[in-house]
Amino acid sequence: MVSLEVGRVCLKIVGREAGKVCTVVKKLTEGKGKSQPFVLVTGPKLLTGVKRRRCNIEHLEATQHTVLIKDDASDEEVIEAYKKSGLITKFNLKLPSAGEMKAEKTKVKEEKPKKEEKTKEKEEKKDKKKK
Amino acid sequence: MKKIKVRTPGGKLIIKRRKEKPGVTLCAMCKEPLHGTKRRIPSKIGKISKTEKRPSRLYGGYLCAKCTKELVKEKARMI
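In order, the protein sequences belong to chains A and B. Under my numbering, read the first sequence as residues 1 to 131, first letter to last. Under my numbering, read the second sequence as residues 1001 to 1079, first letter to last.
Don't read these hints as lab results, they were simulated from the structure. Think of the CB as a built atom: it goes at the ideal place given N, C-alpha and C, for glycine as much as any other residue. The reader is advised that the hints may include incorrect statements.
Unchecked claim - Beta-carbon label-pair distances, calculated as ranges:
no.	chain 1	residue 1	chain 2	residue 2	range
1	B	K1031	A	T119	31 to 37 Å
2	B	K1031	A	G31	33 to 39 Å
3	A	F91	B	M1029	23 to 29 Å
4	A	E123	B	C1067	23 to 29 Å
5	A	K107	B	S1049	24 to 30 Å
Starting from the given sequences, assemble the full structure and let the hints guide the process.
This is how it looks when you write it as structure tokens:
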């Protein structure tokens, strides 16, 4: 088996992203005893559809291709590395348009309401029911 | 509706009707029953949402997870 170093192009085997191309960005933990080895993986999402996430090594299958990227590279850097390597035509991938890239940048994550607020609401509801 | 003949304690032969369900869906490669698929009559399967009918995976509802895993592994070695 090929080792999973930074820049290795892989296929995901398990889950809803199975069969999609992704690249290893960072090594997170090495397996010792019962703990399992994990790596940070990204498609990037705009290119292949794999979200940037932590992934078990057993859920990946390495290909013979690599991409030149730094350790812990951002998604835009990975996309540029793909452009230079010429893997896009090989895997039949679609390059994201400039508009999509901008939209991804300006996306603001919605903050989830804190737990304390939820409990307060519940208590209020309970009080109403008692009345 | 399936018709079944039943003999009652009084000695009569009675025809009872029972609803029929389609069979369990099997994996196309290993022939084992699939998880996450529902058994319904074709007229009622339209009412179920799409996510309840099959797992949202590559070949979901057609191959089992083990078989897809090995298929994709072979594909990765060919690329």
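Index of numbered hints that the structure contradicts, given in increasing order: 1, 4
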